[in-house]
Every structure is written in C-alpha cells, then in structure tokens.
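Chemist: Going down the list, the sequences are from chains Y, P, V and H. Oh and the first sequence: position 236 is 276 in the numbering used here, straight run, nothing missing. Oh and the second sequence: position 165 is 205 in the numbering used here, straight run, nothing missing. Oh and the third sequence: position 225 is 265 in the numbering used here, straight run, nothing missing. Oh and the fourth sequence: position 234 is 274 in the numbering used here, straight run, nothing missing.
Careful, some of the hints might be misleading.
Since the list gives no way to pick one copy over another, a pair counts as held whenever it fits inside one copy or between any two copies.
[Claimed, not checked] EDC-like, lysine to aspartate or glutamate: derived pairs with alpha carbons at most 20 Å apart:
(1) Lys-263 to Glu-168
(2) Lys-345 to Glu-66
(3) Lys-193 to Asp-355
Treat the hints as calculated values from the structure; they're not laboratory data.
4 protein chains.
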Amino acid sequence: MIHFQCDYAEGAHPAILKKMEETNFEQTVGYGADHHCEAAREKIRRACGRQDVDVHFLVGGTQANFTVISAILRPHQGAVAAVSGHINIHETGAVEATGHKVLALPSEDGKITGQQVRDYYNVHWGDETHEHMVQPGMVYISHPTENGTLYSKAELTALKEACTECGLPLFLDGARLGYGLTSPKTDVTLADITELTDIFYIGGTKVGALFGEAVVIVNPALKKDFRYLIKQHGGMLAKGRLLGIQFEVLFEDGLYYEIARQADVQAMRLRDAFEKKGYALRYDAYANQQFPIIPNEHLDKLREKYSFSFWEAMDDSCSAVRFCTSWATTEAAIDALIADIEAL
Amino acid sequence: MIHFQCDYAEGAHPAILKKMEETNFEQTVGYGADHHCEAAREKIRRACGRQDVDVHFLVGGTQANFTVISAILRPHQGAVAAVSGHINIHETGAVEATGHKVLALPSEDGKITGQQVRDYYNVHWGDETHEHMVQPGMVYISHPTENGTLYSKAELTALKEACTECGLPLFLDGARLGYGLTSPKTDVTLADITELTDIFYIGGTKVGALFGEAVVIVNPALKKDFRYLIKQHGGMLAKGRLLGIQFEVLFEDGLYYEIARQADVQAMRLRDAFEKKGYALRYDAYANQQFPIIPNEHLDKLREKYSFSFWEAMDDSCSAVRFCTSWATTEAAIDALIADIEAL
Amino acid sequence: MIHFQCDYAEGAHPAILKKMEETNFEQTVGYGADHHCEAAREKIRRACGRQDVDVHFLVGGTQANFTVISAILRPHQGAVAAVSGHINIHETGAVEATGHKVLALPSEDGKITGQQVRDYYNVHWGDETHEHMVQPGMVYISHPTENGTLYSKAELTALKEACTECGLPLFLDGARLGYGLTSPKTDVTLADITELTDIFYIGGTKVGALFGEAVVIVNPALKKDFRYLIKQHGGMLAKGRLLGIQFEVLFEDGLYYEIARQADVQAMRLRDAFEKKGYALRYDAYANQQFPIIPNEHLDKLREKYSFSFWEAMDDSCSAVRFCTSWATTEAAIDALIADIEAL
Amino acid sequence: MIHFQCDYAEGAHPAILKKMEETNFEQTVGYGADHHCEAAREKIRRACGRQDVDVHFLVGGTQANFTVISAILRPHQGAVAAVSGHINIHETGAVEATGHKVLALPSEDGKITGQQVRDYYNVHWGDETHEHMVQPGMVYISHPTENGTLYSKAELTALKEACTECGLPLFLDGARLGYGLTSPKTDVTLADITELTDIFYIGGTKVGALFGEAVVIVNPALKKDFRYLIKQHGGMLAKGRLLGIQFEVLFEDGLYYEIARQADVQAMRLRDAFEKKGYALRYDAYANQQFPIIPNEHLDKLREKYSFSFWEAMDDSCSAVRFCTSWATTEAAIDALIADIEAL
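Pulled out of the complex, with its shape left as it was, chain Y reads as follows:
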C-alpha cells in the first residue's frame, strides 16, 4: 500500500533527524529561549526579508490557529474565513472553544476575496443592530487552501487592501506554505506574504519536519505578550530547541524550498496523468494536493494499492478524491500510480 492520503505519513527529512542526534546531549534552556531557536528565527527573518518580525515556534497547526486568533480578537469579535476553512470545519471547534465565532464566507475553491471582506464588514456596520451580531475582528485565509488552490499576488494584495481599509488584521495559515511557494503557477514569494499579511505561519509538520509551525508576527500591534498565549494554550514545548533545530535545518541552504518543490513536481506529474486520462479536476490546484473526479469503479481498483482521501460524491458514478504528495513522495511511487491510472 502506498499512501497519498495526507502529507504527514512519514517522519522527517533525514537531515533533521541527523541534527537532532548530533545535538542530543547539548544542555539548553527550555521553552524556546535556546540558541537553536534563536538561529532558526534569524534564518526565517532573512528568508522573509525583514528583520523586524517576531518568530515563535508552535507544535501544530490547530494550536497555531487558535492561539493566534485568540491573541488578536476581543471577546465579541469573530474571525472571517472561507466556509471551507480549516478552522471552520476540521478543528473540533477549537476557535469557538476560545470564545470566538468563525464568520464563514461562501467560497467555491477555498479562497475569499477582498470584496467579500469589504461587503461583510459594511453589512455588519450598516446594520442598526450590529451590537447584536459578532463583530468581524480579523480575516483568516490559508495558502494553499484546503482545496489546494493558491492566491495570486494580485488577489492577496486586494485582500490585504480590504483588510487595511476595514482595520482587520490578516492571518495566513501556511500549514502547507512550502508547497505553495514552490508551485509552478505561483507569483507569491515568502517576502510577499510577509508584506501582505499581519501574521502568518510557515508549516513544518507537512513540509519535512517531525512537527512544528513557525508563527511570524509582522504587525507590531500583535506582538505583545504572545508567549503568554502560547503557554496558556499548551503550545510552549519544554524542549523548545527541537523546534529550533528543525527550522534551522529547513532554512539552511533552501532545504525547505527544495523538498517542497520536489513534492509539487510529483503532484504536477499526477495532475497531467489525471488530465490525460480524461478525469476532470474538482479544483484547479497547482500545489501538492490534487482533486481528480474519478469513476467509482476506478477508485475501487486504485484502493487496492493506494490510499487517498474521499472528498465528495459528484454523482452516482463519480467521486472527487484527494491525492497528496509530500517532501517524502518518491518518483517511483508516482511512476507506479501513473502506470496504474493509465491501465484503468
């Protein structure tokens, strides 16, 4: 069985394990104040092209999401997000557990637009009874989205302009950020994201680390006391250096980009194979997630050798499914899958 079900099926890039071993008996202080974390922060600042950002390391994505959101919002405010956003669907109400409603905007492909944000804001404030409704307090997006789609630089710029007009901080969930940055179709760089958001994170868990997300706080107003929030929400790893070490390795000599690019290359091969086979694609995705619409009988056949995720029944005979590649996906695995697709 070869797994394409998710992008966290394996451990970590071997260089990470190697450095963990080499540094294993170093004695360091805890909670992220060690020199590995400091070095990783420095590398990330350089990669972002700005020295004035704060960088914090958290363990996982759900934790990063609700920690950031609860740090930003006042109690009566909510986070505007696509209806399909991870925080709205797949985090067991973690944001609500901190007291905040997710304000869901309709979305066909996982993205939302600046105009949607502006409209939502105006409807809220235009309503005489606005105090009876949750006030929009920030905007949450992911890049790539849950549907594998990507914001263009123009779209992201428009979104940021709307957020600025409305006084809403923009938060970008980058759980799969690497795969977005190295997509063959993107024009968005890490420096762009740094300029066009107030806070975001660089995903490690799904891009070569054992675990870990690097939260980058760009907007100075959001920096205050963030470490308290991390601790309160259980995200302050005692042996924080483990996070530092991982991001040190990933941001050494562009490893993060290199391994993400390779996953995207394999995903594009897969995309071509689906298209060649005549399968429609549920979303027009150019990163490591692909969503072909495949006849159910073909799916049954593929399930004998491959794991992947059911996404949505399109009709009685066809379903959209999700295949993920990752930093660990081998060319051989994709060769095998493509051959089996062609043979269907």
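Please build the complex by placing chains P, V and H on the supplied structure of chain Y, with the hints as guidance.
Modeler: Showing chains P, V and H alone in chain Y's frame:
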C-alpha cells in the same frame, strides 16, 4: 556550565532517536491511530496491570492538564488542588482559560490530604448559598509534587477514599512519575496508581522522551469522546506515531524505570552531600528534585559552574534552591558538583 | 408614530405592575427561593400538565439560550440550529463565548426537520475524521421561529423522534411562545411542547412581562445543578420574586393566553389587509410577526406614521419588512394602519 | 420575622414603581437607546461631575463584574482582587467562566492597598518565568467591601497611583455604593470615585431599585464596543427603559443619597447598640452592613424574631454574624431589634 535547572535540558534517550530513525520512512496513518501507538498502548496497559484502561498520547504537561480537566468538569465546577499545584501557578491560567476555577487548598509540601478534600466538600455543600460558589468537581494532585515530595500508598489510599465518598474523580499529574516510582523511599507502584486514581498520566518529556505524556483513563465514565477534547485543544499530533514510538521504547524492557532510577540515585547522592555539608532541606524529597537551603555566598560560588533554580529566600543570608537530576545526568557531573559543595 | 417594530416597546401588563406594587414591601428571601416563585412554578407545572418538571426563572432570552446550551453540552459539542436561528445571528456570539459552535442547518422559513437532524448526525458519525469536527450535542429550535412560522404537531413529533434516535436533547426557545400557542393555525399546545422537548422556555419579555423567561426542564438528566449555571452566567436575579410575581400573574386565569391571542388576532387582521392589498408575504406566518413584501415607495409613506423593521431587499423596488403586534397592540392602532395601507 | 439578612429583601422605592406605572404604555425603542436611559445617563454624568464618561445599565452585579472584567482583559491576564472579593468567592466562577483567573491578595478587612498591588506586579515581572503565570491585567475592589469597610480617599488615591504606575485599570464594584457614599465616616464622594477609578458601577439592586447597576466608564480606552460585551453576556435588557426609569428616579433630587443615608443611620444605631451591649465588632464597618460577634445563645434567641447571616465561628461560644439595613429598613424595626438586644 552544567545544568541542574530542570529535567528537560537534553534531547531524548538515544534509543528513542534510534527508533525514530529506523522507522522514519514507514508510512503510517496520522493522529495516533498507527501501529506504534497501538503497541505503546499495549505495553503501558501491561505496565499498569490492567487491560481495560484507555491510553492517549499528548504532547506536553500543561496541555494534558487542561485537556483532562476540561473533559471532566461541567462549567460550574472547579478542580481542587494544592495551592502550589502546577495548574494553579505555572500554566498561565490554562485551566481558567477553559472556564474553570482552581480551588486551592493550603499545603506545606505540595501534598493534600483526604481530610482536606472531605472538609472542603462538606463546607461547600453545607453552605446555604453553595450555588453562588464554584462546586468542587474533581481533585488534582501531582506525584512527585512540585516540591519533590511523594504520596505514600496510605496517603494516596486515604485521598482516593475521600474522593470516592465525595464523588470526585481523582486526577494525578505524573509529569515526573518515573522519578517517583523509582524513589528509594516510595511504596507506590504504577499498578497502585492505576487502582487509586481515576485518570493520570505518565510523563515522557521529563523522563527521557523528546516530548509526550501518556494519559491513562481508568474510570470508564471519563473515557467518552476524549479524542475530541485532545483535538480541540491542539494536542492531537499529526504524526502521532512519534508519541507511540517514544513510549514503545520507554516501556520496552523497563527502560523508563531504569533511567528514572539512575536519576534518583544521583539525586540521593546530592541529598547526602547537602546534608553532610549541613544544609537544611526545604522539603523532604526523595526523587529527582532536591531543595537545599544554602548560604547566598555559597550560591554565588556555585553559580559560576552550575545552573539551578532559585526557589525562595529563607532570610537575608540563605535561600532555598532547586537542583534537578534527570535521566541524562551523569555520575561525573554529580561527582563534580559534590566536590565543589564539599569545598565551599 | 406608532411602533410595530418589535414586541417589547411597552412596559408590562397592568396586572403585573399592580401586583408588584401590592407586594412591594413584603420581605422575601432572594434568588428565586421565595413564595411567589414557588407559586409561579406551581402554576406553570399545571399549565404544562406535568408535576415533575423543574422551572427556573431567568431575566432574558439570550441569557436563557446560552445558559441552557452551556448546561447541556460538553466542550467538544455544538448546538444544531437553523442558519437563521437567534443564537446563530443575533446574540453576539453568546453561545460561542461559552465555547460552543452553532451548527447551522439550511432553512427557508426558520424551521428545521427531523430528517435534517438525522442526516447531519449520520454525516458526522459516518466521517472517519469525526473527532476533528464539532460533535452535534443538542438541537435548538424556536417556536414561533424568527420568521414567524410555527411547527405543526406532526413536524415537532418527527423532530423529537429524530432527536431521540440520535441521543440529542431538543431545546425549544419560546421567547414568543404565547403567540405561537394562540395562533389560529396551530395544533400545538403547551402540554405538547412539554412532551415533545427536553427543555424549553416560556417567554415573558415579549408577552406581557417587564422581563423574564421561565425555563422548563422536562428531561431529568438536564436538571442537575442548573441553578449554579444560572448564577455563573449572571441570570440569578437578587430580587428573584420579581420574576415569580410576573409569572404568577401571567398564569393566573389564563392571562398569558388571553393577551397573546389578542395580539395574534390583530396580526391576522394585518395579514388579511396585506393580502387584500396584493402584497405577497415573505413567510407564511400565523402568529404575531408578519412579513409583507411591499413596494419601497409605499414603505416610505408608511414610515411617516409607523415604525417597523426592514427585513430584506427582494429586488430594486420591493422589500420584505416585519410588523410585530404584541399584547399591548390596540385595535385602534391596527385600524389606523389598515386604513393607511388601503389608501396607498 | 424581620429580615436583616440582606439588602434586597423588598421591592423598590415607591417612586420607582410610580414612574414605571406612569410610563408603562409609552412606546420606546429597546436595548437602552430610549429617552429614559438617555436622561438617566445625563443625571449620572452630572452626579459624577464629568460629562465625558460613558454610562451603561446592566441588570445585576455578577453580570456587571464579569462583563467589565472580560471587556478589559486579554486572555492571559487576570484580575487582582482581595481574597474575600465577591468575584473570588460568590459568583460561581463567573470570571473564570470568561477565561480569567482571579489573582487573590490577602486581606483582613476586604480592602487591598496600593503597596500590595505594586508588590504583586513586581513579583510577577521580576520572575524569569513570568510567561508561565497569569499576568495581572487590572485591579478589582469593592466599596463598601464585602466586610462593610470603606476606603478612605487617601487609600483610594494610593491604590490608583499604584495602578497607574503598573498600567493596571482600576475597577470599583459599587453594588452598595450608595451606602458607602453616605457613611458618616467617609471622605470619598462620587466625584472622587470618578476621578480615582477607570471604571465603576453605581449599584441599584441593593439601593432602592428593583434591579440594575449603572456602569460608568471613565477611561476612554475601556469604552470601545462595550455594548457588544453587554449583549454577548446576556445583560442587554430588551426593555432597557426599565433601567433608565429607575436611575432617572434615583438620581432625581438626590433620592439615591437620601435613602442610602437613612439606611446608614439605622446601621449606626445598631452598631451603637452592639457596642453598648459589649459585643465586639468583627470589622470596623460604617455603612449598612454590621458584623457583631455575639454569644451563640443570644443568637438563638434573636433568630426567633429576626433573620441575619451567619458569617464565621469565632470560637465555641461566639459567632460573627451580619446584619444589613437597607433603604427599606424602618426606624421601628431597628427600635424593636435594639430593645431585644438590650434585653438579652
């Protein structure tokens, strides 16, 4: 500089890193449903002497504490704990952030008694206005405590009896459980803890793992939907197998006990050296934390070569401090420290 | 200016003020333990046709909603409701502020069906990753709904059956319950509601009281410690007898029904006038709220003498608006409005 | 039986009921936007001696406390308060239910000092691990306190200075404020309180109203969006004019002061009687609550005709108890009680 400041200064026991490397390219499902987690659960059940307990792996102690507590309590209930309990002091209000008050009982040495619990319960229910006060809903203890002290089997039995009488689940925070179980002065076994608590956890972070706490749910009434709570609170590691692997190694051939015992042995050597030197001990501790009361000028001298924690000023000239040993503490390090103490 | 904007524009039925004055210098205990509250509870139990229900008096509807919901749910659970439900739209995220997501079902007319509940439940539990999603923990409906519509006895029965099958308590928000019970088109009685829900409330604020909602707990499993929840959420009125007095009066000799019926009679006269004028009705409502679709120029004219609520733009020229009658609406006010409608 | 158990045993001052009746059929908008609320706000601003304060009307004290506190604090912050503070003891964890710890300072008489606040603040920020502890975010006091004691102007000034130095807003719970302002021993005026706090409330429930607390926001930084918080926490009364009407009456021609003063006069008569009888006083209280220490056999005797609150057992034979007078306490009732005390 040699660190005795905490028990999480190093990485992990080498056997853990070795197994992580060996299994690195295995493809497994996520979120703790993999075969390593299953194997680790099985080993822990055996170590506890009961097959009917649920075992869940969380990343850290604060996370384990508020996840367990919020899973047990209804909104109007609080957790009874020693005033010095970790949840009351050192978790940035994580329990309160889930909506619950910590109901603090006085304690000289970090422990509370069955009689204190019974009295608190009776005062609450005896008050006509009890509905205006937080209802005691469970009892939280740690073993070893924050002060390095240990419950005897008789004390734990009395506490459990009081809890049972009052209908209060008993939760034991075992962040340093290993060091308690292998103390030369303890009569409490892992099987005893399994029998005498409703839920507890076996600490990994401080006892040889990179991170990880194994929550053991003994009381069937507390088992329902626990995985939802883990996910909601950001504790469900995507690559859950990392937790499974670590506890597989720790509970293979008694490694957990072996490394904890060695730390206790070194702590006892240190304790003897303090006593021989004539330093009083702030708490009568027989596990890996020692709290000598030392003249400030001696402390200044020791700080040149060793790190340790300031605990409390006793008077103008003396302070209580904390020295921790751990699974990684070497005999040579203790030799050096003892020699320097003797030379003061 | 005559107000039809809401059903809480006036004070209280004069009989209530009279009794408040008569009893003003009685000394009673506080917090709802007085003899007026006891008498009111007894009357409500009789009206419900069951002696074994618990009755609690709260001050307002939002408070009643989030107190009940947070009393029922565990942290990882949410309340299933129509997307247009009051808790989802008009309570500033009060339910989320207690940590729970509102799980919104689509609804055209404010009602949801048993089949919708069953489907939602099955989709949740049928999903492999259900632990990553908020678990449905109860069902919330209102009767009359926000759209003035009413459940038939058959619909309510079907809903309750689905809830029972799925193990979900059914909570009915009866902020306008009186107007529903006395509708000319309803076949649902207070006794039916008592049999077909687990918990509900009888609205006072909008039906003749100064304020107050009587929460009736039918399901014994939901009764425990409810007064703690009321206190914690700020709903335990110090001079609780004020609530008792009001419900004593309302449930004396059927006053509650009498004043609600009169409001419905005036609403039906209004409905007839709208239909006679050729205005379509946005919802098929037979209680005290009416939602005609009226040309904007007619609305401008009506606004000179009457207040009412804008609901929704139907197209460039027409809007749906809401007219409320109440226990205090006079026949003369409706006469005037009808005459002005006819004259448009 | 004559009740001295609390200060909310009766209804409201007759002038309030009269005005409610006179205005009963006025139609007004809801939620506090009506002309009665506006008039009451204006009167309160005048009484405070400042036009630039915001005034909001809430229903009860617990509600006012947790609404104000949750409006001020960020998630990782707590409210510093006397250990005996109402929020710490008698509100069923309402503050914790909004996610915040109450940071309790020791207090013998219900008051805390500026120095205590400064010390707590310095200990927090002086600790290397301060991020692991709840950050002090504001200070809560009550005046009169739970023990009937009063801050002098000098004490309040010192407290405010400490708060300003530490950047902590000062919140004064004035549930019994009237009785404090008219105490024969006070030098603190309403204008002083307005100058020396950031936010406070003027209690109505215990001082002549049916219910209601007027929150006065002095510090502009705390004003933003406060109405959202009121609504979210269930404190926005639909018929908000009921609150306006009550405070209009109370602040017309100094009625609030007049009725409070009369209660204090009766309390002082009682105090004198206790002292004359040789009873010690548990607290040195000069407002409407008195705490004599009385032999248990005398208490048994008094209980035959009077209700009062048990406070604390002093030893086997004596107990401290609490007698409250209120706006409704008659001279005759005090005459009777004094006669019975003398006769013991």
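Chemist: Give a verdict on every hint.
Modeler: Results for each hint:
no. : hint               : verdict
1   : Lys-263 to Glu-168 : between (34 Å within a copy, 19 Å between copies)
2   : Lys-345 to Glu-66  : between (44 Å within a copy, 16 Å between copies)
3   : Lys-193 to Asp-355 : neither (35 Å within a copy, 36 Å between copies)
Consistency with the previously given hints fails for number 3 only.
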